[in-house]
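With chain A's structure known, arrange chains B, C, D and E on it following the hints.
Chain residues, written in single-letter form:
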Amino acid sequence: AKSLTSPKGSDSDLIRCTVFDKDGNMVQHGKEIRRSDFMKNYNLASRDFRKISRHQHGIGSNSSANINVDIVPSIVIRSNGILLNLLNIRALIKYDMVAIFDSSRNSSSSGGGLNESHSHSLFLKDMTERLKGTGNDGESLPYEIRALEAILIHVMSNLTTEMKVHTTVLQNILNGLEESIERSKLRYLLIQSKKITQFNQKASLIRDLIDDILQQDDELNALHLTDIHNGTPRTGSNHAEVELLLESYYKTSDEIVQTVENLISQIKTTEEIILIILDSNRNELMLLGLKFSTGLLSMGIALYCAAVYGMNLENFIEEIDGGFELVVIVSSISLLLLLMFSVKQLRKVQRVTMTGLVREERIANGHPHQKF
Amino acid sequence: AKSLTSPKGSDSDLIRCTVFDKDGNMVQHGKEIRRSDFMKNYNLASRDFRKISRHQHGIGSNSSANINVDIVPSIVIRSNGILLNLLNIRALIKYDMVAIFDSSRNSSSSGGGLNESHSHSLFLKDMTERLKGTGNDGESLPYEIRALEAILIHVMSNLTTEMKVHTTVLQNILNGLEESIERSKLRYLLIQSKKITQFNQKASLIRDLIDDILQQDDELNALHLTDIHNGTPRTGSNHAEVELLLESYYKTSDEIVQTVENLISQIKTTEEIILIILDSNRNELMLLGLKFSTGLLSMGIALYCAAVYGMNLENFIEEIDGGFELVVIVSSISLLLLLMFSVKQLRKVQRVTMTGLVREERIANGHPHQKF
Amino acid sequence: AKSLTSPKGSDSDLIRCTVFDKDGNMVQHGKEIRRSDFMKNYNLASRDFRKISRHQHGIGSNSSANINVDIVPSIVIRSNGILLNLLNIRALIKYDMVAIFDSSRNSSSSGGGLNESHSHSLFLKDMTERLKGTGNDGESLPYEIRALEAILIHVMSNLTTEMKVHTTVLQNILNGLEESIERSKLRYLLIQSKKITQFNQKASLIRDLIDDILQQDDELNALHLTDIHNGTPRTGSNHAEVELLLESYYKTSDEIVQTVENLISQIKTTEEIILIILDSNRNELMLLGLKFSTGLLSMGIALYCAAVYGMNLENFIEEIDGGFELVVIVSSISLLLLLMFSVKQLRKVQRVTMTGLVREERIANGHPHQKF
Amino acid sequence: AKSLTSPKGSDSDLIRCTVFDKDGNMVQHGKEIRRSDFMKNYNLASRDFRKISRHQHGIGSNSSANINVDIVPSIVIRSNGILLNLLNIRALIKYDMVAIFDSSRNSSSSGGGLNESHSHSLFLKDMTERLKGTGNDGESLPYEIRALEAILIHVMSNLTTEMKVHTTVLQNILNGLEESIERSKLRYLLIQSKKITQFNQKASLIRDLIDDILQQDDELNALHLTDIHNGTPRTGSNHAEVELLLESYYKTSDEIVQTVENLISQIKTTEEIILIILDSNRNELMLLGLKFSTGLLSMGIALYCAAVYGMNLENFIEEIDGGFELVVIVSSISLLLLLMFSVKQLRKVQRVTMTGLVREERIANGHPHQKF
Amino acid sequence: AKSLTSPKGSDSDLIRCTVFDKDGNMVQHGKEIRRSDFMKNYNLASRDFRKISRHQHGIGSNSSANINVDIVPSIVIRSNGILLNLLNIRALIKYDMVAIFDSSRNSSSSGGGLNESHSHSLFLKDMTERLKGTGNDGESLPYEIRALEAILIHVMSNLTTEMKVHTTVLQNILNGLEESIERSKLRYLLIQSKKITQFNQKASLIRDLIDDILQQDDELNALHLTDIHNGTPRTGSNHAEVELLLESYYKTSDEIVQTVENLISQIKTTEEIILIILDSNRNELMLLGLKFSTGLLSMGIALYCAAVYGMNLENFIEEIDGGFELVVIVSSISLLLLLMFSVKQLRKVQRVTMTGLVREERIANGHPHQKF
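Residue numbers (our numbering), protein chains in the order written: chain A, 73 to 444; chain B, 73 to 444; chain C, 73 to 444; chain D, 73 to 444; chain E, 73 to 444.
Bound-form chain A, shown alone (with noise of 0.2 Å):
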């Protein structure tokens, strides 16, 4: 079958993997291979393999760069082998072997490109144990689930991580807007929900990925290869040790997912009481403006005073004694009056209760607040 996304050619793509052979020895490291090469040797249809390889060829495509093309897990059980794809470890097992393909060029835009070696490396060397069978362990299980539980290890264990990540980022946001609602903050938490979000789909998929397993003893036998390999394929629920293995990995990754739900929920809490405290707020700056609006207007009287016995025209008053004082006075009486006018206006609609009885109420009983 024709490749959906890539152009013809690309068939011949080289490869990069990582391979350990029956007693756990890596007998390749990052060597390349062609693609038509390694899936003859190892007898996949390509229509499986492409799922595993697909994300290599996206290198040199620039627009995809932003874009999270490959975000759905996958556990791919055939006859012969397992092909895995989960978070950046993409890895075929058979009964005699594991391939881990590199992935390292490609994941480095997602995190630290120093890190994520590091850590690609530290799997590498557990890998090594686990298939030697040096793990400390009494129980001697079969080689591809030895090789399958070193995987899931270091996913769960990249998960753990960044949830914790998150987790702690998060709460520092979430934090410092508790102290006060800044715009740094807010684009910062954004940013940092849509990671989260995207964090939850991922853990999420792999827990489901586990469930759907899980659900089915078809996929639990088959996942025997050496048994199969052997000609004695386990049949029924005949598959305890693998069950119990995997249901481990599924209770850490549905810790995780309930962690980053519980997060998210917090999240969405204290964004609506944001919004609601900044309505709050505004309300409160308003009540303030009207308050300085209500003194410009009595101000405005008294000016209209002043600037009526201004005008060069007879006013009557010029020739008496205290005339000066009296327009004075009367500009300020008519000021306050004005003012307090204002001011039991304002009042009506200050104090925001939900009862509009109770308010009006409190006021007519001989005004108990008058805060201004």
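Treat the hints as calculated values from the structure; they're not laboratory data.
Every residue, glycine too, gets a C-beta built ideally from N, C-alpha and C.
Be aware that one or more of the hints could be misleading.
[As the list claims (entries may be wrong)] Some chain D residues judged to face chain E by a derived CB distance under 7 Å, without partners named:
#1 Ser276
#2 Ile345
#3 Asn355
#4 Gly372
#5 Met383
[Stated by the list, open to error] Selected chain B positions facing chain C (in silico; Cβ < 10 Å):
#6 Ser193
#7 Leu316
#8 Glu327
#9 Gln330
#10 Lys340
#11 Ile348
#12 Ser365
#13 Ile373
#14 Lys420
Chains B, C, D and E in isolation, oriented as in the chain A frame:
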């Protein structure tokens, strides 16, 4: 399997636990024991045990103090024991022994330490009574079921208490908000909203966990450790007592979840209406502000009239009798005209109807309401 | 099992109940009986009975008055009886006896006490008729099914009545809000929204409860207490009458839930549009405010002109003929110029289109941008 | 069973129905018949019949006029007949007879009465044709299936028509809102939003009803009344024609529901963006208002300068040449300085970026912070 | 069965289709054929065919131009053929023939006509190759499965392309909004939000359709038309190739849906934060407005002082030396006093914290921040 999150060497950690023997006697109280010894003594798989003991490692870490790392409850049923992790109770139940792991140090942040330990000692006392079979119930349930019930009763009692606290607190806040919308109350609402959401998640997960066990006949059968030990495991749906027992606690937890969801939806409703009320109040404030602007604008024209005749220029009415009165009257009339014009403009946007039509019709019919 | 929430000694509480015998005669009416005696007489497990009788303890507690402690309805089907807790009805049905527990004192807060008791006595009367078999239906259902139907009819009738009240009240509020958006109406909407949400939860839980029983053949069979007593329990799907009967009440409750959900979505829609309308109105208010500002600003320049010539300084036009007219005209012109400029600025933001383009194009045709 | 909602005596109500015989002839048209007689004639259980005939009682009640009391559609399949209640069609189908209950009086409020009756007579005509088997389809379906199809076609046709009306109306409103956001359009949107939500509920319930029947083999078999009458009931999955037929109408109704949901999500999106645009517009309005305030404030200082020299006090520059020009120039300069200062303040909050940084950086480059 | 929506006589409509024979040769290209003839030739039930051909009727109708009448995709599997309606592809697959219905005239509105036809001709070419079996895959799938795969590849390729366009466009808008919030961008976001929602619905429905088929063994078996024609229909779960094939396309479509949902949640997050930022910005604007009001108010008192001494009245300080300076100083002092008082008022509401307490405490402790 190497532990996912803890560094090496933590396997030698000490765990503190309280152990009850076959007859319900507390043979150990808060004694510390080596993790590895405990696992060997009671024949536990490290993978299962990790979930129970993990949280005792977390004490030293500081960054995770604010982070809820243990949200998902679990009941792991194995052939040789039941491992529970419900709220702050972590326990191992075998057919002839119960071990309660001491987590009082961890949980000190989530509740009052003193209360916690009082509640915990009550729990230990109740466990003793139940295991001794001195309860007033005639039903003679197997040892392990009685232990399970003691734990479930403690958990449900804790959930119920916490639910009541949340309900009381939130009802107070909501009632307070109905009286007046203030920032401190909103902030308190935010804090409590986050808490109730977390509590809801916690309670829901416990409910779902019990429901999951109820759905699976084999899990219910596997709970009968004594029968399994005696070589007569339950089969089919021969587990009526334990089913009824779990069903009863399922209903209690469902009741709690439903109450909390009801509360959460009340918070949502209140928030929505608060937003509308704040919006509505803001419009009232703006209307009043416009009324003041109206006054100021009108006063401006009067001021202008007065200022014009205050110019040191010949104004032709200097000599006329009643020139002063004329200007005062003219300026007052222009003030009134402008005021009336502005008020008319204002009235067009004043009444917030959804029907633009109705409003304008009413105004058209001879200004029936003139409130300003 | 010790009761979860009630203190010791409450076991000796008295319960009030009304008992019907095999022939539908009311052999006890509101007589008080010891809780423990009742349980012994009718052979009830304390765990099952707790759910029914719990709410009679709650009378004394004050803090839980506002808290809805009993949301989840239940129908517990045991081999020797059916225990129901639906809305305000708590009942025990046996193959030859029906006991209705008196909860009129509790429910006094939720509805009008008088109405409640009237409705309750009607219910008791209907129960008698139904148990005597004097109903007009030819179908001779077993005793226990007739009792069940009497209760379901009462419950559905109560739900329908409450639904109608909610619907009428909320339609009035929503219609009122369409006429004018006022705070008192919003507050009323808040109260009613909370109530309808609670009612929706209540009705949904009852519907789901009936549906749950309908889904399980064994539960439906277990309802036939008479047959079980006669030693001929129903098996398989031989329960057509009771299935049709429950299906009918399922449909009624579904109808209620659908109506209520419809109503709730109408509230949501109205709230959303109210927010938009308040926003839109606010923008109109601001526009008007800007118009007033425009006027004030323009008047300011005229005032300045006048004030300049009001200074006690030589202004060179004192002696010129028509100096007064000149200044008045010049100040009026500058007033008009500034007004026109401001109004132009205003018009740029006035029309709230989503298409910035259309607006700007229109202005562009003749009046290019004049940024402030 | 006593009817839940109707008072006694309503059993003697008359019902109007149109009856078709075995050969598709309309043997009764709108004739009234006693409810009890009808039930006896056609051997109907009162419980089943209640659902169909209930709504003819409701005519007299006034309060329920605004309330949609009949939302949930139903298809009750009994051994001796099929009772349908879909939209405005209430019908009884037997193996040799079809009765359509006349509900034209009820439905007069929901649609235009005239249109309604025209559509209804078309439906009756189509029913006749279909029952006579004069349709152009070669498939000779059983009598009852042909009747069912006639009803489903009518129902789907009605749904499709209503959907098209809603779609056209709402697209117009949404397009109108894109041009300008006006209150009358918003009110219209509110009304239409409520309607489309109700329509969505109605269509979804019909779709789910058809889907429910499709899921149950026994229900599909029970539809074959003729076969049941002939003593050869269908068993297993031997019901291909009727399954295909129902599937076809399921798809049509699903298409309608999907279209409506798409429309609803478009409304939601539009509402959200309108809120943001109104908000954004409000900020623009405020900015302009601030510009005016800026002008006013600056003018105030110039006015003050002029007013100071307007005082009847010795001001020392009275005698100086060019005193007038000096004051005019000084006041203009102070006006400009204050204006520049205010505009600078304004510019700080003018551009609504999410990144406080970018904004402040730009100002920093040459114009460092000058806080007010 | 009469068509639901089309008038009579439309049965004689011509349909344009491209037909491939058994060997993959294009025997007809865009030839028009009578609808009824086609149905007779290929033995199709009119009910099935309606879904495919309906949309060619719609050309003439004008009102439905804006309305998306064909949202739900369908794959109808009959014993003698598969009828597909996926995106813009409508096809009939038989064991020895494939007919692609030409819909290029219809789809001209949804995409660029030219691009569309180019993509369509590529599709026809790929179909030929696949049917001829010249693909590079060694697997020799049956004729009908190869045809199905060709269509699925085309559909997935179209979905992927459209997804990429949406993703790129929306990422640009979202990035643009992060820089500055402008109306034109918001409008563009509205348009694109509607489109992505529609696309999400479209892609989800296709994914669900494939999933539905994957869930049903009989549907998967029924896809093998060649085997059915040869009289050896597949039974049980003997359909591994086609299952893997569909699973592969299911995963591709799931990937698309997940990516789109991720994008939609990013839009939602951005919208929410934009609302908060606009709100926050508005509060800043109001604060600045209040600062200006403060200035204006203070200037008012100075003006009043000057105006009072501008009155043509005896003011007692006319003769005093330094009277002018005195008034200027007194007015300046009163200006400053009022300004300080106002600024104090302002500071109370200035900093938007969630904790009213913290703010006031800080101010109380010696005014640590004096920004104004």
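Hints, one by one, checked against the model:
Because the beta carbon of Ser276(D) sits about 14 Å from the nearest beta carbon in chain E, more than 7 Å, this interface hint is broken. This hint holds: Ile345(D) has a C-beta 4 Å from the nearest C-beta of chain E, less than the 7 Å allowed. The criterion of a C-beta within 7 Å of any C-beta in chain E is met by Asn355(D), whose closest approach is roughly 6 Å, and the hint holds. At a threshold of 7 Å, the smallest CB-CB gap from Gly372(D) to chain E is about 4 Å, leaving the interface hint in force.
Checking Met383(D) against chain E by beta carbon gives a least distance of about 4 Å; that is within 7 Å, so the hint holds. Restraint check, Ser193(B) versus chain C: the minimum CB separation of about 16 Å is more than 10 Å; hint violated. Here the hint on Leu316(B) is kept, as its CB sits about 7 Å from the closest CB of chain C, short of 10 Å. For Glu327(B), the interface hint holds, since its Cβ comes within 10 Å of a Cβ in chain C; the closest pair sits about 5 Å apart.
Against a cut-off of 10 Å between C-beta atoms, the interface hint on Gln330(B) holds, since the closest Cβ of chain C lies about 5 Å away. A distance limit of 10 Å between C-beta atoms decides the matter here; for Lys340(B) the minimum to chain C is near 9 Å, and the interface restraint holds. Because the closest C-beta pair between Ile348(B) and chain C is about 6 Å apart, less than 10 Å, the hint holds. Using the Cβ-Cβ criterion of 10 Å, the hint placing Ser365(B) at the interface with chain C is satisfied: the shortest such distance is roughly 4 Å.
At a threshold of 10 Å, the smallest CB-CB gap from Ile373(B) to chain C is about 7 Å, leaving the interface hint in force. Because the smallest distance between the Cβ of Lys420(B) and any Cβ of chain C comes to about 8 Å, under 10 Å, the interface hint for this residue holds.
Consistency with the previously given hints fails for numbers 1, 6, ordered from lowest to highest.
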